[in-house]
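A.B. asks: Chain order of the listed sequences is X and B. Take 1 as the starting number for the first sequence in my numbering and just add one per residue. Take 1 as the starting number for the second sequence in my numbering and just add one per residue.
Quick caveat, the hints were computed from the structure, so don't treat them as lab data. One should not assume that every hint holds.
Dumping the calculated SDA-like pairs for lysine to any residue here, alpha-carbon to alpha-carbon at most 25 Å [said to hold, decoys possible]:
#, chain 1, residue 1, chain 2, residue 2
1, B, K216, X, F81
2, B, K216, X, N128
3, B, K206, X, D119
4, X, K54, X, L65
5, B, K340, X, P125
6, B, K206, X, K54
7, B, K216, X, N135
8, B, K216, X, T40
9, B, K216, X, Q83
10, X, K15, B, Q219
11, B, K206, X, T40
12, B, K216, X, K15
13, B, K216, X, R139
14, B, K340, X, D88
15, B, K216, X, K54
16, B, K216, X, A162
17, B, K206, X, D5
18, B, K206, X, V103
19, X, K15, X, P69
20, B, K206, X, E84
21, B, K206, X, D88
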Amino acid sequence: MIKIDALTVRFGGIKPLDELAAEFVAPICGLIGPNGAGKTTLLNVLSGFVTPIKGTILLNETSLLGLSPRRRVGIGLRRTFQQELVVDELTAVENIQAIADHVSADRASARRQVGLALDFVGLGPRRNTLGRRLNLFERRMVEIGKTLIGQPRAILLDEPGAGLNEEETDRLRRLLVKIPSAFDSQLVLIDHDADLIASVCIETLVLDFGKRLAMGPTRAVLNDPVVRRAYLGRE
Amino acid sequence: MTEVSKTEAIPFVAPARAEITPAIRAVAIVAAVGVVSAAIALSCGGYWLSNFTQAYCMTLAVLGCALLYGQLGLVSLCQWALVGAGGWVSLRVYHTIHPPFLVTILAGGVGASVIGMIWGLPALRMRGLYLALVTLMLAGAFQTLVTVTSFPVGGPGFLGQVGASGNDRMMMARPVFASSDTEYFLFVAGVTLLCIFLVEAHRRSKPGRAWALIRKNEQMAIAAGVRIVFYKAWAFALSGFLAGVAGALLAGLFGQLDASAFPPTSSIVIFIGTLLGGYEVWLGAFLGGILTRFVPALLIDLNVNTNVGFMIFGAALLFALRDSLGIGGQLAMLAERLYKQFRGQRAL
Chain X
1 MIKIDALTVR
11 FGGIKPLDEL
21 AAEFVAPICG
31 LIGPNGAGKT
41 TLLNVLSGFV
51 TPIKGTILLN
61 ETSLLGLSPR
71 RRVGIGLRRT
81 FQQELVVDEL
91 TAVENIQAIA
101 DHVSADRASA
111 RRQVGLALDF
121 VGLGPRRNTL
131 GRRLNLFERR
141 MVEIGKTLIG
151 QPRAILLDEP
161 GAGLNEEETD
171 RLRRLLVKIP
181 SAFDSQLVLI
191 DHDADLIASV
201 CIETLVLDFG
211 KRLAMGPTRA
221 VLNDPVVRRA
231 YLGRE
Chain B
1 MTEVSKTEAI
11 PFVAPARAEI
21 TPAIRAVAIV
31 AAVGVVSAAI
41 ALSCGGYWLS
51 NFTQAYCMTL
61 AVLGCALLYG
71 QLGLVSLCQW
81 ALVGAGGWVS
91 LRVYHTIHPP
101 FLVTILAGGV
111 GASVIGMIWG
121 LPALRMRGLY
131 LALVTLMLAG
141 AFQTLVTVTS
151 FPVGGPGFLG
161 QVGASGNDRM
171 MMARPVFASS
181 DTEYFLFVAG
191 VTLLCIFLVE
201 AHRRSKPGRA
211 WALIRKNEQM
221 AIAAGVRIVF
231 YKAWAFALSG
241 FLAGVAGALL
251 AGLFGQLDAS
261 AFPPTSSIVI
271 FIGTLLGGYE
281 VWLGAFLGGI
291 LTRFVPALLI
301 DLNVNTNVGF
311 MIFGAALLFA
321 LRDSLGIGGQ
331 LAMLAERLYK
341 QFRGQRAL
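Pulled out of the complex, with its shape left as it was, chain X reads as follows:
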């Protein structure tokens, strides 16, 4: 469970996050909002790349503030980035092994976890293919595979569906819903695809100008007139 309270971030005169309070309890939670709402800033605060001026963050009762980004990785926080970041010169298995090198207890468990992650995302047959030869969907799968290594407690995915076609998004959807039970971890998902959020996320937080606009069961939130006006641009 991720619990945020009074979280405030200031960049000069701008407050990307302003007195934000929320609790992510469900196994899969969504995070939506218009461009500039503060979604990625919240992910950056959670993973330690942005320091808030105020507030608290708890991950399963552990306070994250004060922990370095590496320490947060150590306690099971994983994330992907908006920009897809697969290393072209490394194979699919090496890309995933690269995180196992630093978070797995020993070589044997690293090898086992990498194999499981590759199979889980369906890249087993492409394990020795160089990153530059993988298509966009496969590269997204490598990114997700990396987050499954080393007993993740919370996985933050920043727009994993960006650029995927309908069929690929459907495959992504089927994969995401299995992660919490298969890896005993919580998933927080940012995406602009409201259909993906609606079909995957149990709870959703809506941000607008760094403030909480709504939070609750995803269907109810997406049907909220205030949310529809602010985010979807229609009643």
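The hints should help you fit chain B onto chain X, whose structure is shown.
C.D. replies: Below, chain B without anything else, positioned relative to chain X:
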């Protein structure tokens, strides 16, 4: 982690491609370096054998430069100064305690490795042009230092300086098993081969993967649990070690080193060699090192001003910079294509 059901995996239809395995790559490295070295040893003598020995030393320096640039995207322009530092350390160790030659080489490597790590400290904050300029200034500072202190060779005392007459200068002896020029060349080729394997082992293991993540995106690397400072320092240490070994081998070749032999421009030439040869594959460093020594040696042999070499390198760079592969990378790609065609034909 709970057990994951493999039956739920989403299958891909694309088959796995036949990749070149580490064992095949190792055989290719030994074969290529072995054949070239044997050909040089059998056909060259005197002037050209000495130059090819120096070229192999250059290869080690280029290998270190390519490691930093290819793995981390860091431009280091003090590589030749580190060669000098390694040579200085090995000479001092040799003349002070007279250890076996291999220990002398290791001492040179370790000494330059420590210096390289210290010089790499700016890289923890800098990249690109700024790092290049700072390291170039360090190379200039090194030349000033060794000129002012009269590069210590075989004289008495800690600094090992010789008198004005130079009569008390002592020479560093080559190892007993490599006393002749040809034997020493083959010895240097063997050390070069070992260093290539050392770098390849790094590139294909934990540090290589960490460097690849750092080069791609530092934030992503941190999010993968990589210790950025540690792995950057490791790369500088390894790069310095290779340069130091090169310096020790040069000291063994000539028996001494001269202060004027380490100008900052040589570090720039090494970086040019890195780009020309290609920094992504070992073959690039091998060819880059040979080219950076072969061209000036050829110009001297033809009685042409060696500065013409800069014009030749400049013109060659125009072609090499069309892609990041360099000559070595393009040759490696060609070899890989031929190998896969051969494998494909055999499978049919």
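A.B. asks: Hint by hint, note whether the structure agrees.
C.D. replies: Cross-check of the supplied hints:
A distance of roughly 12 Å separates the Cα atoms of K216/B and F81/X; the hinted pair therefore holds under the 25 Å criterion. The hinted pair formed by K216/B and N128/X meets the criterion: a straight-line CA distance of about 19 Å does not exceed 25 Å. With a CA separation close to 22 Å, the supplied pair K206/B and D119/X stays within the 25 Å bound. Between K54/X and L65/X the CA atoms are separated by roughly 10 Å; this keeps the pair inside 25 Å, and the hint holds.
With a CA separation close to 19 Å, the supplied pair K340/B and P125/X stays within the 25 Å bound. Of the supplied pair hints, the one linking K206/B and K54/X is violated, its CA atoms being roughly 38 Å apart against a limit of 25 Å. Our distance criterion of 25 Å between C-alpha atoms is met by K216/B and N135/X, whose separation comes to about 18 Å. A threshold of 25 Å between alpha carbons decides the hint, and for K216/B with T40/X the separation of about 20 Å falls inside it, so the pair holds.
Of the supplied pair hints, the one linking K216/B and Q83/X holds, its CA atoms being roughly 11 Å apart against a limit of 25 Å. A hinted pair counts as satisfied when its Cα atoms are at most 25 Å apart, and K15/X with Q219/B qualifies at roughly 22 Å. Annotation: proposed proximity of K206/B to T40/X is violated, straight-line Cα distance about 30 Å (limit 25 Å). Of the supplied pair hints, the one linking K216/B and K15/X is violated, its CA atoms being roughly 29 Å apart against a limit of 25 Å.
For the hint linking K216/B to R139/X, the alpha-carbon distance of about 14 Å falls within 25 Å, and the restraint holds. The hinted pair formed by K340/B and D88/X meets the criterion: a straight-line CA distance of about 20 Å does not exceed 25 Å. Distance hint between K216/B and K54/X is unfulfilled; the C-alpha atoms sit about 32 Å from each other, more than 25 Å. The hinted pair formed by K216/B and A162/X meets the criterion: a straight-line CA distance of about 20 Å does not exceed 25 Å.
At most 25 Å may separate the alpha-carbon atoms for a hinted pair to count; K206/B and D5/X exceed this at roughly 38 Å. Taking the CA atoms of K206/B and V103/X, the gap is about 12 Å. The hint holds against a cut of 25 Å. The hinted pair formed by K15/X and P69/X meets the criterion: a straight-line CA distance of about 22 Å does not exceed 25 Å. The straight-line distance between the Cα atoms of K206/B and E84/X is roughly 22 Å, inside the 25 Å bound, and the hint therefore holds.
A hinted pair counts as satisfied when its Cα atoms are at most 25 Å apart, and K206/B with D88/X qualifies at roughly 17 Å.
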